[in-house]
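K.L.:
Take a look at the letters that make up each chain.
Number of protein chains: 2
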Amino acid sequence: MSLDYFFKPLGVAIVGASSDKSKIGRQVLDNISASGYRGKLYPINLKETKIANLRAFSSLENIPTRNFASILVVIAIPAQFVMSEIEKCGKLGLKNIVIISAGFKESSADGAILEKELVEVANKYKLNILGPNCLGFINNINRLNASFAASGSGTGRIALLSQSGAIGSAVLDWLKDKNFNLGYFISLGNKASLDENDFLEYLANDKNISAIILYLEDIKNGRKFMELVSRVSSKKPVVVLKAGMSERGEQIAKSHTGAMAGASAAVKAGLERSGAIMVESLEELFNLLPLLQMESMRERLSNTFQIVTNAGGLAVLSADEISKQELFLRNSIDVLGDADAIKYELALRNLLSQKSKDNILILLTPQTSTKPLETAAVIIKLSKKYPKRLIVISFLGGAAVYEAKEIMKHAKLPVYAYPELAIRAINKLSDWKDVSFGVQPYKERLDKFGKTEVDYLALFSLLKKYKINTVKTIRYGTEATLTYPVVLKAVGPDFMHKTDKGAIMLGLDNQLSLEKAAASFYSQNKKIMQKEENYLVVQPQISSGLELILGFKRDVSFGPVLLVGLGGIYAETFKAIKIVIADLDKARALALIQSLSFFPILNGARGKKSYDINSLADVIVAISRLANEHAEIKEFDINPLFLKEKGALAADVRAII
Amino acid sequence: MSLDYFFKPLGVAIVGASSDKSKIGRQVLDNISASGYRGKLYPINLKETKIANLRAFSSLENIPTRNFASILVVIAIPAQFVMSEIEKCGKLGLKNIVIISAGFKESSADGAILEKELVEVANKYKLNILGPNCLGFINNINRLNASFAASGSGTGRIALLSQSGAIGSAVLDWLKDKNFNLGYFISLGNKASLDENDFLEYLANDKNISAIILYLEDIKNGRKFMELVSRVSSKKPVVVLKAGMSERGEQIAKSHTGAMAGASAAVKAGLERSGAIMVESLEELFNLLPLLQMESMRERLSNTFQIVTNAGGLAVLSADEISKQELFLRNSIDVLGDADAIKYELALRNLLSQKSKDNILILLTPQTSTKPLETAAVIIKLSKKYPKRLIVISFLGGAAVYEAKEIMKHAKLPVYAYPELAIRAINKLSDWKDVSFGVQPYKERLDKFGKTEVDYLALFSLLKKYKINTVKTIRYGTEATLTYPVVLKAVGPDFMHKTDKGAIMLGLDNQLSLEKAAASFYSQNKKIMQKEENYLVVQPQISSGLELILGFKRDVSFGPVLLVGLGGIYAETFKAIKIVIADLDKARALALIQSLSFFPILNGARGKKSYDINSLADVIVAISRLANEHAEIKEFDINPLFLKEKGALAADVRAII
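Protein chains in written order, with the working numbering: chain P, 1 to 657; chain F, 658 to 1314.
Since the hints were made in silico from the structure, they are not lab data. Don't take each hint at face value.
In silico contact screen, one side only, chain P against chain F (beta carbon under 8 Å); selected entries [stated by the list, open to error]: (1) 10; (2) 11; (3) 52; (4) 53; (5) 54; (6) 55; (7) 58; (8) 164; (9) 169; (10) 248; (11) 311; (12) 317; (13) 367.
C-beta atoms are modelled at their ideal positions from N, C-alpha and C, and glycine is treated no differently.
Chain P with its partners taken away, still in its complex shape:
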């Protein structure tokens, strides 16, 4: 399914074109013409024969072409008439379609049914459909504005995909104001057929595009998304603003888009795994633009800074921000309050002639001898001369520095309203990582579990299959030599939350106290304990080792997501947990362990004993395998896992099918 003819069609048919200039179909037609599109235009209108000086056609089948597959169809008619047009497209061999019309999933139950039909027809004829309920797309590289949003006349190196039409149009309006041009703008709409994954695949190979930005409200196929982003990221950064990352935001997003999104913790883990640059707000997103459009930005980027300033105070504030972002300030050069452009030039030349790759942050406030315009000219000149160095600029003030800032922006230099914004943007970009992905060593197993909540001792056997050591656990009443003290536990479907029901009896020192505890428990839980699935088990009581939690949850979009954390009260108090995609091999498991907030405790800081990190990594890998091989398990927890100086022991386990 190539999107070549989608983005570079030989002709465009506009269903819903009209002589009435207020109609959206007409606005699209005008936008296509105005954008300088060189292909053929086919306005489609039942009644009219001439629209905007172009010959109009009464139906798609009347288009004079032998190559329907090379034509893009834009549909802007009421929802109830859309399906028959799509069916027509399918039959004619028109493959590439933009449905601008609203009135589908986003609006009502009837609309959702209509959209379902749409998907079926799209699949049947293998159609590329953008939308419905979208603005269309703009391809500035090949001069085609197939949307009803206004576009500037230039082009750029960034592709922006937006799942919200409203945000998309606001951003376009904002960018126009700033004279900032995109390469592509794609309004994703309801994503009935084409979604972010299809466009990522296409844009990955477009050499005109150096960065891809996505505003998303849901990610339909998280597994594929991760794979794609990791692939694209090796060549160009993928920036994702995912709305609905808070619980409250997620609620509103669901009611707004009707989308069944993955849980936000899983989305976060998935985005991290993919190597995407995650931003959390529009401001953060916009602040990245001046850097993303730079040539060979990655080669320029450094985590060390040099400052040139005519105001000591600004340098101090910048140093504070650099520290806060955990970047490094090598030096701050104060050219002093009376510095003219020549002093700036001297300081800059000196820095640029050095071999270092430090980012240079140029600060300026308008003072008596300051020459903002001349200084800007110096900066533009030197930036051109040193295309491998990252120079970011913040001139603070109003009218006194306005023109200087404008000419630097026009020269595509990264100019920021405040120094802290430049520093944060650079720090954000340093999240851009090359990640390997696609290693999927785990396959689904056949010996699936059947019940909703799995038998306790069966789960212990499963752990053993995966070579995870467990605390010796026997059914109460079984003949065995016990080492006291022991723990008595009630297990089974009625004891999924053991602590709540007094189902864990600790510190039983001898056979007598064990028997007493068991008898007392039976008598207090007669009814429940009559069920065969509920029974008592005995374990030796473990007194040493660090208590950890380890488990996974299966996300609808991103697949199994693994949680590892400190057990007990410290986990809650210090939120000492981490959630990652459960595709860990040994190397990744070791890296994960090192990234844990409580790694110093595992590693034995301050002369304390260290724990068996290698065994922990083995357990993490085993749980990863288990999560991938047993697709029938929805949730799985080992809590606690006792990590020892040597080895690790699972003491309790729980699963939901």
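Starting from the structure of chain P, add chain F where the hints point.
P.N.:
Same frame as chain P, but now just chain F:
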């Protein structure tokens, strides 16, 4: 020392006024005239008799006045000539002076000497001197621009004090661009005589001023600053941007201002104690301005939100940010993409007629039926009708919403470029607290310690005086019945860091192993142990209780600063410490304990045992007293303090005099 005549003089003398318009003295003269000042003007110039159509005087003593104290003198001449003018002022009874001239402490060692003389003369004659090395001040309320910075023609309700002239002038330029007027602008310069505390005192009582903003690079008298800010904060918010809060920033600030600032941890504790609103960047500061200028802002402020939006995506992003700031979103009303001004009005009226005090966040993106201007008019109308409600606005876009935003800004409504900025600004303002201050129950004691590092057992006695229970500690070799196991410790000036030198011997189970350990230690540390100040002590080994650290450090500006933290490895790993000003009574100590990140552990979360919070509070109060009563102690630590289910025991103590 009233500043009435400083800010509202009957006349202004400008030393350094000149016919040469490029001279700073002349610029000040022109600014005073242009600002609409109604008092007398006395240009002072040795040679000229007429300047800018005003009669000029050859020297300050020639000013035709009987009330020198009512006159403000602005000095803008080279540094080497300043002293004789100041001396002249002193003798004539000219009390109020602005020294704009640079070339003092900030420039050289000679300059620093000159500034010292200046301070002496100022003290001798009780002069109010602003500067040197400053821009001067602007009093827009009484129409007097006594600075060489340009000012707008209006006035406002905010006073801005800046220790950096460069940042001050940039901010003024920026504000002029935004048509935003301040009540006062004060460039603090080197703060040789008048400093932030003097102006806080004056502005506290100025009813025209509803908020005070300070950009500071150091705080000279932190103790007084806290008192003043807490007093002012009961009436109006005090916002502080303190540069140099990072280690690197502090370094640059010191080299830049030559100021001996308090340590940043102490500054932070002090600002928190004072009830000031701390901001960390210029952007954060600027984002507060639209809220700070509102009438009865405090009464409007709520921590719950309602959203009205025509774009679901923007509401989702806002909900994410509201969650992130730990505020609450009650409801989000989507008036849908086709909403015109009437739909906005209906939704708004409905919200405003409710009894709740929720903040209302209005979001808009330009879509096909959107009416930005009409919607802005509706918002202005309803904002006026409901002056007790906080309405914040974010219209996203460029040209399509520009004018609408401008007219709302002109109506002094809080309009933000992005919703997240509005939410963060509101959250910041919620830091504005009324704090009681000035309760100073502790006085300095007479029985001071003499030595640099204090005798170990003497410190244990000191703890007992303050009713802090200690682990029974005796000198090794003293007759006593010991409870084994015991700990043997080497103490004294050579063992300040005990763990480094093997100076703590744990787990000695009986008399024999104790004697062996002592003998072995003596033989390995012969030379050091010959010093009388070094000796061995014996303590019973404590095996239960939670290990805490408790201590204080004396800051040069803010006085004693108390640290409380979790001991051992968890403190380091999770940065589980808190630093506060050491003036705690029992109530404040209990509040401090509740604010600790590890409070859940103290309080016995998840069915675990709880620790004796009341005893911990008593120890904290005792350490506070000790810190205040023993001004000779620079640093003091109890580490560990064993907190038990009942009681608390100090096991080790260290002090530096």
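K.L.:
Look at each hint and say if it fits the structure.
P.N.:
Right, here's what the structure says about each hint:
Because the smallest distance between the Cβ of residue 10(P) and any Cβ of chain F comes to about 30 Å, over 8 Å, the interface hint for this residue is violated. Violation of the interface hint for residue 11(P) is found here, the shortest Cβ-Cβ separation to chain F being roughly 27 Å, above the 8 Å cut-off. Taking 8 Å as the C-beta cut-off, the interface hint given for residue 52(P) is violated, the closest approach to chain F being about 19 Å. Hint status for residue 53(P): violated, given a least beta-carbon distance of 24 Å to chain F, over 8 Å.
Interface hint status for residue 54(P): violated, as the beta-carbon distance to the closest one in chain F is roughly 23 Å, over 8 Å. A cut of 8 Å between beta carbons decides the hint on residue 55(P): the least distance to chain F is about 28 Å, and the hint is violated. With a cut of 8 Å, the hint placing residue 58(P) at the interface with chain F is violated, because the nearest CB-to-CB distance is about 27 Å. Interface hint at residue 164(P): satisfied, since its Cβ lies 3 Å from the closest Cβ of chain F, which is below the 8 Å cut-off.
The interface hint given for residue 169(P) holds, since its Cβ lies 6 Å from the closest Cβ of chain F, which is under the 8 Å cut-off. Residue-level restraint check for residue 248(P) holds (minimum Cβ-Cβ distance to chain F is 5 Å; threshold 8 Å). A distance limit of 8 Å between C-beta atoms decides the matter here; for residue 311(P) the minimum to chain F is near 3 Å, and the interface restraint holds. Interface restraint check for residue 317(P): the shortest CB-CB distance to chain F comes to about 5 Å, inside 8 Å, so the restraint holds.
For residue 367(P), the suggested interface contact is upheld, since its CB lies about 6 Å from the closest CB of chain F, less than 8 Å.
Consistency with the previously given hints fails for numbers 1, 2, 3, 4, 5, 6, 7, ordered from lowest to highest.
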